[in-house]
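Quick mapping for you: the protein sequence lines, in order, are chains A and B.
Under the numbering used here, read the first sequence as residues 204 to 980, first letter to last.
Under the numbering used here, read the second sequence as residues 19 to 299, first letter to last.
Because the hints were derived from the structure by calculation, they are not lab data.
Quantities reported herein were computed from a predicted structural model and do not represent experimental measurements.
Glycine included, each C-beta is placed from N, C-alpha and C at the ideal position.
Watch out, some of these pointers could steer you wrong.
Part of the chain B face toward chain A, derived, beta carbon under 10 Å [said to hold, decoys possible]: (1) Lys-142; (2) His-143; (3) Gly-182; (4) Leu-230; (5) Ser-233; (6) Ile-249; (7) Ser-266.
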Amino acid sequence: MLNKIILLILLFVSAQAAVHAQKGNITLSGFISDKSDGEHLPGATVLIKNINKGAASNTYGFYSISLPANKYQIVYSFIGYANVVIDMELSRDTTINIELGTASKRLEEVEITEQAHENVTSNQMSVNTLTSKTIQSIPMLMGEVDIIKALQLLPGVKFVAEGSSGFSVRGGSPDQNLVQLDEATVYNAGHLMGFFSVFNNDAVKSVQLYKGDLPAQYGGRLSSLVDVRMKEGNNKKFHGNGGIGLIASRLTLEGPIAKNKASFMVSGRRTYADLFLRLSKDENMKQSALYFYDMNAKVNWSINQNNHVFLSGYFGKDVLKSGQFNMNWGNATGTLRWNHIFHEKLFSNFTLVANRFNYSLGIPEPNVQAFVWESDLTDYTLKGDFTWYANTNNTVRFGISSIYHNFYPGKVEGLGDTTTFGTYSIPNNYSLESGIYISNNQKLGSLLTLKYGLRLSMFNNIGPDTVFTYNEFGDTTGYTPQPDRKIYNTYLGFEPRLGIVIKLNEVSSIKASYSRNFQYIQQAENSTGGSPLSIWFPASMNVKPQIGNQFALGYFRNFKKGLLETSVEGYYKNVKNAIDFKDHAELLLNKFIEGELLFGKGWSYGVEFLVKKTRGNLSGWVSYTWSRTLQQIEGISNGDPYPASYDRPHDFSIVMNYNLGEQISFGATWVYLTGQPITFPVGRYVYGNTVVPVYSERNSYRMVDYHRLDVSVTWHDKDKPGKKWHNSLNFSIYNVYNRKNPWVINFQSDPNDPNITYAEVTYLFGIIPSITYNFRF
Amino acid sequence: MKYKTLYIITVSILSLGILNSCTERIDIELEQEYTRLAVEGYITPGGSTFQYIHLTTTAGYFSNEAPPLVSGATVTVEDGTNIFLFDEDKNYPGYYLAPFNFEGAIEKTYQLKIDLAEEIAGEKHFEASETMPSLSADIDSTRAVYIPERGRWAIEFYGYDPPGPNFYMFNGLRNGTLLTDTVWKMTVTDDKLFDGNYVYGAYVMVLDSSELKPSDQFTLVTSSITEEYYIFIIELQTEISMNIPLFSGPPANVSTNLNKGAVGYFAAFSSDFTETIVPER
């Protein structure tokens with residue numbers, strides 16, 4: 204059945220493409236890159252003025268457009284860059300590689316020439332892009348520039364707890380976000396218990412967030428894709444930049460290996476709070492450590508016009524030591540990519556990825572209590588993605604991907620000869636997650652654009668494994684061993700991705716989309732804050748894949764030639780086979796973790812408003828989201844619907860950056876969110892001289908509303924021609940008016956008289972000033 | 019072990035001053051009408067003094083006084099052959115004591131039946147059942163060891179854990195007086211990490227230097243408990259400990275072996291007593 208549908212779609216797509224393939228058309232293609240450093244520019248636009256047709260460059264900066272042979276005026280543009288206009292007679296297939304130079308600030312404000320309104324016309328909705336430069340201008344906790352925290356300021360995105368790198372997109376849980384760094388999955392995007400993210404902004408080129416409406420190329424998560432792309436490295440000149448901050452120092456070096464042909468980028472970061480601990484007089488403190496470091500590296504090589512190779516990697520680790528106890532965790536990723544242009548109209552990319560998240564904790568020998576606890580998750584991915592620029596009106600994308608998951612959920616082992624502890628381990632398990640997709644972007648006349656595609660996903664559980672059966676209470680009733688290297692369970696997912704853009708005029712459009720996603724692996728995590736100790740577990744004979752459907756409708760309008768971008772988007776989402784956990788679920792070191800799961804459904808809906816000023820001395824955005832997120836799970840709150848922890852109906856954020864002349868810039872952000880839903884006690888009893896709380900329905904109370912203002916000022920030294928070394932100083936204040944935002948509310952009884960009980964609130968971050976020195980050369 | 023680990027981690031973070039955090043008391047309005055029957059019951063082989071059923075109702079969380087006792091109920095315990103009536107104590111209403119001829123025995127299943135004089139939350143009759151596990155550990159000895167870095171006493175356990183799942187509860191007596199007088203202070207453990215092993219000096223309890231002095235007589239009370247009671251104690255300890263958003267799941271009600279919405283636990287266990295003299299520091 205599914206095969207037939209795919210075949211039909213394939214036929215339809217090719218027929219459509221063929222109809223429009225008129226004779227006498229030629230293809231204009233090439234790469235668009237930055238003049239100063241050779242970085243490819245994704246999302247830059249090409250506009251053929253005479254016929255008012257346009258195209259945008261893909262992730263690798265490649266564009267291709269078909270048009271009848273003629274004389275044209277071609278305009279290349281990208282926000283923040285000066286346009287390049289070429290008048291040219293096109294009589295056969297032509298390759299034009301274009302380098303765009305940065306626009307001067309004054310030019311930007313006054314003289315805005317024609318440019319395609321990409322945000323209005325593109326078939327993608329529910330998407331936000333942040334450049335590394337924008338992220339850098341946002342004031343941050345301890346002055347540490349943070350990509351994830353920047354994303355949390357976008358409409359429809361909420362942090363899950365104060366200061367956390369966990370985030371919820373349109374009401375989804377944090378594990379429903381696919382976070383990728385150069386296409387490698389980052390399973391735990393947090394450093395230092397999640398207070399800082401693993402992405403070092405210095406090494407990042409851009410971040411794109413897709414809220415539910417994922418391109419058919421991607422799948423496996425219900426709520427979002429965070430696509431983080433590393434810098435390629437300057438292929439013209441050797442450069443460096445770095446900084447010394449309150450908690451961490453950074454250094455990035457980049458430069459050509461062979462001019463205009465090959466380049467490298469390497470970037471490192473390390474915190475040094477632990478160095479101060481060594482100065483402490485307290486012996487315990489001296490032995491303590493708490494730090495993280497990370498490294499990004501990338502090499503790229505343009506072999507010729509048709510072949511480009513990229514090799515990139517990330518390695519990061521957190522270390523925590525307290526007395527005898529120590530713990531560390533980290534991510535590592537490696538990506539090898541090969542862009543190959545088969546033909547001006549057929550662009551392809553082949554990717555090979557390995558990524559790993561692991562942690563280990565314990566007490567080392569010779570302590571008699573010595574033990575070690577380890578957990579690991581490793582993926583290997585292979586994929587091929589193709590774009591066929593069939594003709595002016597049709598762009599067909601298709602491809603195939605496969606991920607081999609290796610789960611090693613946990614093992615505890617006593618150390619030493621006299622150890623009391625034996626070994627307790629949860630067996631490894633293996634699975635294969637594959638996808639095949641095809642989609643077409645079709646322009647019908649000048650006002651209508653359709654996007655229709657299908658992703659077919661498949662998930663296989665592979666032996667050896669022991670499959671337990673459970674009764675209705677989650678107790679095991681038996682088990683079946685599964686043989687080595689045998690696929691013993693398979694799920695198929697049918698994931699249509701549809702969209703329509705109705706262009707009302709040059710600057711406004713209405714868009715609608717429907718997408719369905721399957722999620723086959725999820726996190727065993729029931730805390731709100733995002734612990735580094737959590738593990739992931741796959742769909743299986745007992746756990747069905749979670750299925751999400753999202754409907755979205757939006758109105759997009761640009762003002763003042765794209766200076767102001769505005770949008771309103773409404774969405775409705777539902778999740779089938781939603782997973783939650785039993786009360787007091789034991790999620791770590793539990794062979795029978797599937798017995799701790801509860802199943803049900805979830806749904807969310809909301810409206811997101813965004814006004815964004817893209818250029819000029821004052822830039823930034825204002826966003827407001829109204830949304831609800833509810834769940835209904837058998838076994839929680841008597842099976843009645845209850846608000847999810849991420850249900851924060853009102854969400855308001857302002858992000859502003861103001862340049863006062865060439866040397867000084869100001870940044871400010873203000874956020875407001877409805878208080879977090881919370882469960883409070885409605886009664887108490889006494890057992891063993893201890894007051895025990897009795898709780899009401901899940902999340903039936905709320906904390907007080909959250910709001911916070913952060914500001915920063917950055918001073919740059921004067922730029923003179925020929926000057927090599929540039930300094931800048933950033934001073935920022937987190938939580939300027941010292942708002943006491945509750946992190947947790949605890950119910951305690953008085954140690955002296957257990958009958959006296961009281962509530963206690965903990966605030967995490969008061970006003971925190973910080974200073975960062977940055978340099979570049 | 020889990021909670022201690024998490025506690026260490028949290029304290030480390032807070033003490034490293036990474037977080038500029040603070041804690042203060044606040045006033046919160048909570049629902050007051052919720053009422054259920056609360057039961058604390060024990061069957062042991064230890065004679066009638068430690069065999070009783072205590073009945074109260076739940077109270078508003080901020081009621082700040084002892085919970086209202088439930089008097090005038092008919093409380094019986096059946097052991098499969100006989101029915102024993104637990105009479106209410108005249109001096110301590112709400113406490114229903116075992117008769118003098120009653121003594122708990124291992125591997126027997128006890129059925130508790132409570133008939134109330136007045137309904138609580140629409141219910142009058144409640145039941146629970148528990149089987150007293152046989153004594154499992156083959157205990158050699160116990161030792162008190164002073165840990166200078168922490169300024170505390172660790173209680174070490176030496177003995178065999180027989181193969182198969184076993185659940186233990188540890189209490190401590192100092193010169194015959196109970197040190198672990200609240201649920202928070204006692205220790206419960208499963209044998210996941212040492213099943214079938216000789217347990218060589220594992221810490222089963224950590225006591226403050228003020229709680230134990232050199233030359234005191236310390237008694238370690240090792241009780242074999244059911245898995246259900248072990249889970250009840252673990253959950254209870256979780257719910258009364260600090261909630262840390264990084265690690266804690268949502269607050270949830272502590273499990274019970276009583277039916278019809280009643281809370282608390284009807285426990286049956288036997289214990290071993292191992293003595294040691296506390297050494298010099």
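May I ask you to test the interface hint for B/Ser-233 with respect to chain A, counting a Cβ-Cβ separation under 10 Å as satisfied?
violated (25 Å)
Per the CB criterion, is B/Gly-182 less than 10 Å away from chain A?
Violated. Min distance 14 Å.
Would you check whether B/Lys-142 satisfies its interface hint, that is, whether its CB is within less than 10 Å of any CB in chain A?
violated (19 Å)
Under 10 Å, Cβ to Cβ, is where B/His-143 needs to be relative to chain A, so tell me if that hint holds or is violated.
Status violated, d = 19 Å.
Return the status of the interface hint for B/Leu-230: holds when the least beta-carbon distance to chain A is below 10 Å, violated otherwise.
Violated - the Cβ of B/Leu-230 stays beyond 10 Å from chain A, reaching only about 19 Å at its closest.
Quick check on the hint: B/Ile-249 CB to chain A CB, less than 10 Å?
holds (8 Å)
Interface hint outcome for B/Ser-266 [beta carbon to chain A under 10 Å]:
Status holds, d = 6 Å.
In summary, the numbered hints that this structure violates are 1, 2, 3, 4 and 5.
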